[in-house]
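Listed below, chain by chain, are the residues.
Number of protein chains: 2
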Amino acid sequence: MSEMNRVLPLKRISINDKFWSEYTKLVKEVVIPYQWEALNDRVPDAEPSHAVANFKIAAGMEEGKFYGAVFQDSDVYKWLEAVGYSLQVHPDAELEKTADEMIDIIEKAQGSDGYLNTYFTLEAPDKRWTNLKDCHELYCAGHFIEAAVAYYNATGKRKILDIACKFADYIDSVFGPEEHKLKGYPGHEEIELALVKLYETTGEKRYLNLAKYFIDERGKNPYYFTIEWEKRNYVDFWSPNKPLSPETNRNYYQTHKPVREQEAAVGHSVRAAYLYTGMADIAARTNDKELMDACKRLWNNIVSTQMYITGGIGSTRHGEAFTFDYELPNDTVYSETCAAIGLIFFAQRMLRIENKSCYADVIERALYNTVLASMAKDGKHFFYVNPLEVWPEASMKNPTKQHIKPVRQKWFGCACCPPNVARLLSSIGHYMYTMDDNSIYAHLYMGSSAEFDINGANIVLEQATNYPWDGEIIFKVSVKNDTPFRLGLRIPGWCNKAGLKVNGEPINLCEIVKDGYAIIDRTWKNNDTVLLTLDMPVEIIQANPRVRANAGKVAIQRGPLVYCIEEADNGPILSSIALTADTKLTARYDDSFLGGAVIITGNAERVNDQGWNGQLYRPYKADSYPVNITAIPYYLWGNREPGEMLVWIRNR
Amino acid sequence: MSEMNRVLPLKRISINDKFWSEYTKLVKEVVIPYQWEALNDRVPDAEPSHAVANFKIAAGMEEGKFYGAVFQDSDVYKWLEAVGYSLQVHPDAELEKTADEMIDIIEKAQGSDGYLNTYFTLEAPDKRWTNLKDCHELYCAGHFIEAAVAYYNATGKRKILDIACKFADYIDSVFGPEEHKLKGYPGHEEIELALVKLYETTGEKRYLNLAKYFIDERGKNPYYFTIEWEKRNYVDFWSPNKPLSPETNRNYYQTHKPVREQEAAVGHSVRAAYLYTGMADIAARTNDKELMDACKRLWNNIVSTQMYITGGIGSTRHGEAFTFDYELPNDTVYSETCAAIGLIFFAQRMLRIENKSCYADVIERALYNTVLASMAKDGKHFFYVNPLEVWPEASMKNPTKQHIKPVRQKWFGCACCPPNVARLLSSIGHYMYTMDDNSIYAHLYMGSSAEFDINGANIVLEQATNYPWDGEIIFKVSVKNDTPFRLGLRIPGWCNKAGLKVNGEPINLCEIVKDGYAIIDRTWKNNDTVLLTLDMPVEIIQANPRVRANAGKVAIQRGPLVYCIEEADNGPILSSIALTADTKLTARYDDSFLGGAVIITGNAERVNDQGWNGQLYRPYKADSYPVNITAIPYYLWGNREPGEMLVWIRNR
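Protein chains in written order, with this note's numbering: chain A, 258 to 909; chain B, 258 to 909.
Derived from the structure by calculation, the hints contain no laboratory data.
If chains are identical, the list can't say which one is meant, so a pair holds when it fits in one copy or spans any two.
As a list, the in silico DSSO-like pairs of lysine-lysine whose alpha-carbon atoms are at most 27 angstroms apart:
| # | residue 1 | residue 2 |
| --- | --- | --- |
| 1 | LYS754 | LYS878 |
| 2 | LYS733 | LYS754 |
| 3 | LYS514 | LYS654 |
| 4 | LYS754 | LYS613 |
| 5 | LYS654 | LYS477 |
| 6 | LYS438 | LYS384 |
| 7 | LYS384 | LYS499 |
| 8 | LYS313 | LYS414 |
Being a predicted model, the structure only gives us computed values, none of them experimental.
With the rest of the complex left out, here is chain A (with noise of 0.2 angstroms):
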């Protein structure tokens, strides 16, 4: 295995698009301050979130009890790591100053051991690691770190990370290899890609190793959770008085087999992923080729039969979970916002182990349709679940689909959604590039300007683009002297036409792409251009014909944007239309639309809804009409009016 590809720090990317930075400006001056106002429970009529003061009871701060879930404490750690992002990006003293205050009172509740955790240290402080199964300490661990790692990229200030060393310290003294430590390992995974960063960021190799051992150990026989359970006398977290052996729901954790042997992601989804991501981290800085593999497996059984075309994993409720091949119901659906984040985090570990475009196309097809879709454009509402089709009187009359809101919410009793969100998008930037001593791979098209260090030589890399609405960049590379080397831009797998001019100069694609990126091996001069072209037509994607909901339906699909109709345009019965072989699709950029989209129209065919005299059932008999119809980015869906929402249309 070569050396790994490499990230580029969040300084050194600036991004100044049309599209995204209102992205980014939303995050900044929206969505991080509405978040703090939510975790303080100032937020009127929204769920009570209490997770601030959870901390400052537990720091002796204020008087009160513990409040919310036993996880709550990382709503406030997925905030500080976006501000850690954000701030990276867009220093603000104000918010910086918010956000040290913040860590002063976490550094006031956190033990002197090191352990933190308000739940644990409020409500049970004898039972710590006692319940690694329900309990999410380490999970909570986990998120503090890379909040650490990310605040600590941005202000240089070691406080927060000498917080998280410390309690990664007492972690490891507790977990591990040797006789008097435990041998257990989180049931919601996430501190092992978490002790990554930390390893990365202070070069202390125990992280690693400790992250690896809960990959290696996670699935063995006997069974922890198991060994736990006994030693709780059979007391769960959850459901205290109904005595499950854990041995009855091992997927549920991705414990059913030690991790290099699993076949098929299975199980809680947004978990599988981070698992799946935290191996790829290890296998990929240990050239460990078996964990290598179980990860490649395990990716191809997500992309190939699990993903919903929006990029969502995660086909039930129940569990939050994966199925099985295949399964993808669009209406009982579950794709939780943080499962897409999580496929994009593993998406992204990959690239940095290969440049395949598979996985950009993954990142892209995540971010720009669930992860976009899971915002309302104010920037305050959110998706938990995001179905691919929607009939509101169903979310409300049907418990089997009261997880499907049509409507955005403020927050969640479970608020894990809008922080993974902010997080995310206020470090874009880190899925934009990757490089190594010799290349940079560019994944993600957006106007920006990127500074890199190849092999001593600085370069400046700026991409200007009104993408995802056109398919044409321009890059134009600054260097102090003539440089050599290899650019690799992706050719989406939704382009079936590309072209490139280096210069002015066409260059036949066929001869130079590799592995889903054009490859440009040359000496660049300073303001070298390359145009890239990738032809978005309109597209009509059909589904495999094993996913039984999709049979005789079609998506509509342009660049990277997945399309839905929408009852606001389409009027409601949206079953009743069906694209016909006579379907012409047009697209067209409005400016009016929801802040400027481009929206699709077309003909289409309609049954007639009239006429059934209160029948139910009748003879068949071919009854239908020509309409037009409208499609939008699915992205932009449920910001206007409640109503039905479709993205498998009917296709006759």
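Given the structure of chain A, go ahead and fit chain B onto it with the hints provided.
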């Protein structure tokens, strides 16, 4: 309102029919004996019942503890009711002896005050009538009363009727408008219709009044279930640790409004159907137009918007409930067997009020499809849920679909359905005819001989037919003297072309059809014959476009039978099959197919599921090939190797 239509006693009708004799024989020879074994826990590997044991313990005949659901008694009662019907048709001294012994046990289990319920007697004697919402006491009482009436009608033995009257008298002393009585009503309706039967059998008007009281009181404010909940210090039976106000879930119990004001069928579908049956019973006997209008409104709501093509009702497993108009998902359906039976009860009561074929059409639809499908050809395996779309792997791996069983089970922890099927099939003669002083209406067609007394004359009406495999029915009238009466013959809603001959003379149906019945008014002579010919082509049926789940799909129906396609005939991925404009479907009788059935074959097209190279999504290309498909009657599904099954097939 005119005099109510009457139902023929089972003793006056004998069925001798190629199709039905198999079922009546099965019920007598297999189902009733098998269920007795199950109730006595003598079926290996079946879920335990303990229902008979509970009675023996309550009777002081055995030591032990109550086991099972709070409504476990009702399984014995429904079995006893089936025995009562069976004995009316097929006298059987040994079975009668078994039943008499059971009745002796029940007599011993009854309290001196008349109270009868093994759960409360054994487990919570001080909690009688404290939780009508959850605890099924009145429900079990209703089933006992129904059993008593059936068994008394079969044998003329008063013992069971006396037990029932003693119990009913006691209940009447507890509930009612008088100040000292409880103002309650059952959480699970059933006793209302049972008390009407007891009134019909005994002539005791108090029973009718009590039934009417339960009906009238239901849904009033202040809410009785809240009143009793407050008296219980807010403790529920099913979730004692989670105080949840009964106000939050009134739909489930059909207590959201007084019954006269109810507009749409809501909540638990079996409860709803039993309630509506009782309402129709009361409306008919009290000339209560307002109540009758409510029955018609609820009937129309069900059959016009909430009934599966199989006659099943209940769109969600959550609460085993109706959801709302036009929401009829096929793969997360509930369609409980008992609910279809309840719908048949409701329809029969409506037929007693007015001879309109819409009611009998639904009896036929639910009977020939859902009810028959619920039982395996061996009479020993049953479905509780009757899906219209099955993917066995999804039932195993997606908890959202785990209630959809691809294979019939031997018995159930909640075993309401199998004995309900037994009591319906053993009393099938009750659904064939209604009559009044001047007319006989035939609703169902099966080979049979029935004896009527019309205006003092004795009439024997014989049917000979190969129904449902073909639509020719020959009626032969036997009378001692020439006798004038009206004969009404249902022209089923599925039939678009029918013919009628009386003594070989064609009669123009257009002139004599009223409310879906061919009305033959004449003075009948001995050996007069009527030949009714119902054309029975293969029909392609579509659902109202408001049913989103069936958009672009059709079902195959022939006569009263809905068809389905199964993996056993058509391979997996049934969703890839589509009917086309060129599809020709042919029916043929195959006497080797599961004991003989008309199967339907024809041409269709199938999406090519090869050549995808691991892709999950790709640009659409038309890639289908012609195939021959085989459809079998829905009621026979799941009698071969487990596999996919589909009722609603794509239509291009």
